[in-house]
Amino acid sequence: MHHEIGLISTIAIGLVYALIGGYVAKRVGLPPLVGYLLAGIAVGPFTPGFVADAKLAPQLAEIGVILLMFGVGMHFSLRDLLAVRNVAVPGALLQIPFAVALTCGVTSLWGWNLGPSLIIGLALSVASTVVLLRALEAQGILDSASGRIAIGWLVVEDIVTVLILVLLPALADSLHGQPVSMVSADHNPATGQLLLPIGILLGKFLGFILFMLLIGARLLRWLLERVAATNSRELFTLAVVVAAIGIGFGASEFFGLSFALGAFVAGLVVGESGHHHRAATELQPLQDAFAALFFVAMGMLFDPSILVREPLRVLAVVAIIVLGKFVATFLIVRLLRQPTGTALTIAAGLAQIGEFSFILADVGVTLRLLPAEGQSLIVAGALISIALNSFLLRAVGAIQSRAALPVLA
Amino acid sequence: MHHEIGLISTIAVGLAYALIGGYIAKRAGLPPLVGYLLAGIAVGPFTPGFVADAKLALQLAEIGVILLMFGVGMHFSLRDLLAVRNVAVPGALLQIALALALTWSVTHLWGWNLGPSLVLGLAVSVASTVVLLRALEAQNMLESASGRIAVGWLIVEDLVTVLILVLLPALAGLLSGQSATDHSTIHNPSGGQLLLTLGIVLGKFVAFVLFMFLVGARLLRWLLERVAATNSRELFTLAVVVAAIGIGFGAAELFGLSFALGAFVAGVVVGESDHSHRAATELQPLQDAFAALFFVAMGMLFDPAILVREPLRVLVVVAIIVLGKFVATFLIVRLLRHPTGTALIIAASLAQIGEFSFILAEIGVTLRMLPAEGQSLIVAGALLSIALNSFLLYAVKAIQSRMASSVSA
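Read top to bottom, the protein sequences are chains A and B.
Residues 49 to 457, numbered by the numbering used here, are exactly what the first sequence covers, in order.
Residues 1026 to 1434, numbered by the numbering used here, are exactly what the second sequence covers, in order.
Where hints are given, some of them may not hold.
[Claimed, not checked] With beta-carbon atoms standing in for the labels, derived distance ranges:
| no. | chain 1 | residue 1 | chain 2 | residue 2 | range |
| --- | --- | --- | --- | --- | --- |
| 1 | B | Thr-1072 | A | Thr-414 | 32 to 38 Å |
| 2 | B | Ile-1225 | A | Glu-273 | 22 to 28 Å |
| 3 | A | Leu-211 | B | Leu-1188 | 54 to 60 Å |
| 4 | B | Gly-1054 | A | Leu-250 | 44 to 50 Å |
| 5 | B | Leu-1340 | A | Ile-207 | 55 to 61 Å |
| 6 | A | Asn-279 | B | Lys-1080 | 31 to 37 Å |
| 7 | B | Asn-1111 | A | Asn-279 | 33 to 39 Å |
| 8 | A | Glu-301 | B | Thr-1306 | 31 to 37 Å |
| 9 | B | Glu-1168 | A | Ile-207 | 47 to 53 Å |
| 10 | A | Asn-279 | B | Phe-1238 | 34 to 40 Å |
| 11 | B | Leu-1340 | A | Pro-96 | 57 to 63 Å |
| 12 | A | Arg-442 | B | Val-1234 | 43 to 49 Å |
[As the list claims (entries may be wrong)] Straight-line C-alpha distance at most 16 Å; calculated EDC-like pairs for lysine to aspartate or glutamate:
| no. | chain 1 | residue 1 | chain 2 | residue 2 |
| --- | --- | --- | --- | --- |
| 13 | A | Lys-74 | A | Glu-185 |
| 14 | B | Lys-1051 | A | Glu-273 |
| 15 | A | Lys-74 | B | Glu-1250 |
It should be emphasised that the hints constitute simulated quantities derived from the structure, not laboratory data.
Note that this is a predicted model, so its numbers are computed, not measured.
Built from N, CA and C at the ideal position, the CB exists for glycine as well.
Input sequences plus hints: build the corresponding full structure.
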């Protein structure tokens, strides 16, 4: 009766598996997204049984990213960030190069080039907003000083990632085939050629931001105002979804930027408007459903045989994320003269990777900057670090209360 | 950077047009779905400008139908229907028969066969739940006696349609070649085959309903109970979406029934559980977004040229829906001894067609039981009758209050 049901079956089965995985994960005290990733592995091409449509799944994932980024943008508030900028900005900017350098040190032992090493380093340096927010919520420390610093820190990481995502296509050509030891990119003959696309891209990026903040913000606010005035919940929901997906799509069509960035900026603008609370409520169910599909699609990319084939590399990646980043973040926060308790909480909260790393891995593979093995390593690292993260946070909480370590009130 | 963006562009552009159309319609005092239909015409293949992916649009529409039917199922309450059964059941059955006969006599003049006449007649006889509920809400009559009768009446129409939807594929083989004058279906040589097919379909239908009420209901209630106990809003949303899309998909895959029917029964089961209110809230934004895409996809099927090519036929279809059904319903309600005011309101609110007619038209075309012209006639009839409906209800209310004041004077 219905000829084309690929989309429906992919959504239906993807969500059924996600529900089962999420429920089981939640019951054993892990965040549901670990279950979604496992569900993705189950419907992926590397395991027996049903295999979801690999062409549609990434597109559903992309919608998930758009809605997630829109949500992050709505949570983002310049005022919150400014209040913690003395710790968050230098902290995040110090921590990212540290994690990238650590990763490059390890990957140079594996004989990787600069391109893949940079991508995996960046992927390992940025933590997951979803995991962090859910974890802080679960511990009841979302509104504490440590929580606010961790969120501000993550916002800086997010912005850096977004910038890198924008620049990556332009960087791709010059990074192809370069050995990791050749760090002096400035003296490279291709630098001039590279600068032009970077300039064009940054120009487009600035053009988009200016357009959004000067015209887009007013237009969006006017639109939401007018739609809200009709008293139609239905139209308001549509307006919010259109703001997220439509602006994400527009950013990629007209400015050549990523869907994610467009949606993030749209979220920022809506977040500053008077309707941001209602918009967040209306968007939540859609965001939940498509975010689940995003994690399922990412799980589909994971080849479990890497755990057998390259157990040491998986272990090294997990060690960089959980130990390396924890120690680095702790030291940086202490260096910035914050109490030990605060430093422990922030370090534990950020010792994981998630959706941003997947986006980076996805873009890296598309640009042929990252081998498929790198993507599998990142997915494995995310799965394991997210699973370990709740235990880490709990352990830190226990240490803190036992030692009565000083924390910011 | 991203190769396959057909799905995202179809959703983004479809929703953006829907928002514009819905907003303009709402401002003009029409229900937003008129705007969605117009948006669909704009992105459809018959008008210049952007043309959406028709294959994906239909699948998105199917998800919209699943979510709409699930929502209708949740609103459906056996107790409400039983309270008004003395009017609603005979009324709806009589009215469908009258509308069928009226259509039949007209299409007979056009030289149509039995199959197309039957599908068109059914499509014209069933009103839109969405339009009715929104219209009654706007007039504050949802909780009135007339409102309850109208809703009960519509539920009977819905059930009849659902049954017909199930039986249509089986009837298709028989009706496709038969002329409108040949009424003796039972004495047809293929009558035995038809009865067998009917029996099998009805058997599957009964098996599915039994399965759902005996096993499925308990399973679903247990599932929602368990998921709600985890206190994860995210998982609860997933569970509700899975209940709608998953069971719709399961009904189609395992029982050979329609997605719509599976979702409807799932909705009835969830509606009877304690979590129905929360489930409805969580599902609403998803339902709004995909229902809009459904109406857009239906609008895409409309060829505006029919207004020029066959203006008389369009006029006749609109006359059957708005005048024919209004008079028939009014007389039936009076016949069942209800006051004139009640009869006027019920007749006015049911003098439109909507989503069920589109589903019937779509399935009719898929089964080659309805020519493309019939589908265009149905879409044209729906557009015009929905647009006229709000004015009709206003007029009826004005008459009613004048009558009331002349009685009291």
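Does the Cβ distance between Arg-442 (chain A) and Val-1234 (chain B) fall inside 43 to 49 Å?
Distance hint for Arg-442 (chain A), Val-1234 (chain B) holds at roughly 48 Å.
Quickly compare the C-alpha distance for Lys-74 (chain A) and Glu-1250 (chain B) to 16 Å and report which way the hint goes.
14 Å, holds
I want to verify a distance hint. Is the separation of the beta carbons of Leu-211 (chain A) and Leu-1188 (chain B) within 54 to 60 Å?
58 Å, holds
Do Asn-279 (chain A) and Phe-1238 (chain B) keep their Cβ atoms within the hinted range of 34 to 40 Å?
Taking Cβ atoms as reference, Asn-279 (chain A) and Phe-1238 (chain B) lie about 38 Å apart, which means the hint holds.
With 31 to 37 Å as the target window, see if Glu-301 (chain A) and Thr-1306 (chain B) comply at their CB atoms.
34 Å, holds
Do the beta carbons of Asn-279 (chain A) and Lys-1080 (chain B) sit within 31 to 37 Å of each other?
Distance hint for Asn-279 (chain A), Lys-1080 (chain B) holds at roughly 36 Å.
Leu-250 (chain A) and Gly-1054 (chain B) - C-beta distance against the hinted 44 to 50 Å:
Holds, at about 48 Å.
Hint says 33 to 39 Å; check whether the CB-CB distance for Asn-1111 (chain B) and Asn-279 (chain A) agrees.
At 36 Å between Cβs, range holds.
For Lys-74 (chain A) and Glu-185 (chain A), compute the direct alpha-carbon distance and say whether it is at most 16 Å.
Between Lys-74 (chain A) and Glu-185 (chain A) the Cα gap is close to 14 Å, so the pair holds against 16 Å.
Distance restraint evaluation - Leu-1340 (chain B), Ile-207 (chain A), Cβ atoms, bounds 55 to 61 Å
60 Å, holds
Using the beta carbons of Glu-1168 (chain B) and Ile-207 (chain A), state whether their distance is inside 47 to 53 Å or not.
51 Å, holds
Can you let me know if the beta-carbon spacing of Ile-1225 (chain B) and Glu-273 (chain A) is within 22 to 28 Å?
Roughly 56 Å apart at Cβ, these two residues miss the hinted range, so it is violated.
In this structure, only the earlier hint numbered 2 is contradicted, and the remaining ones agree with it.
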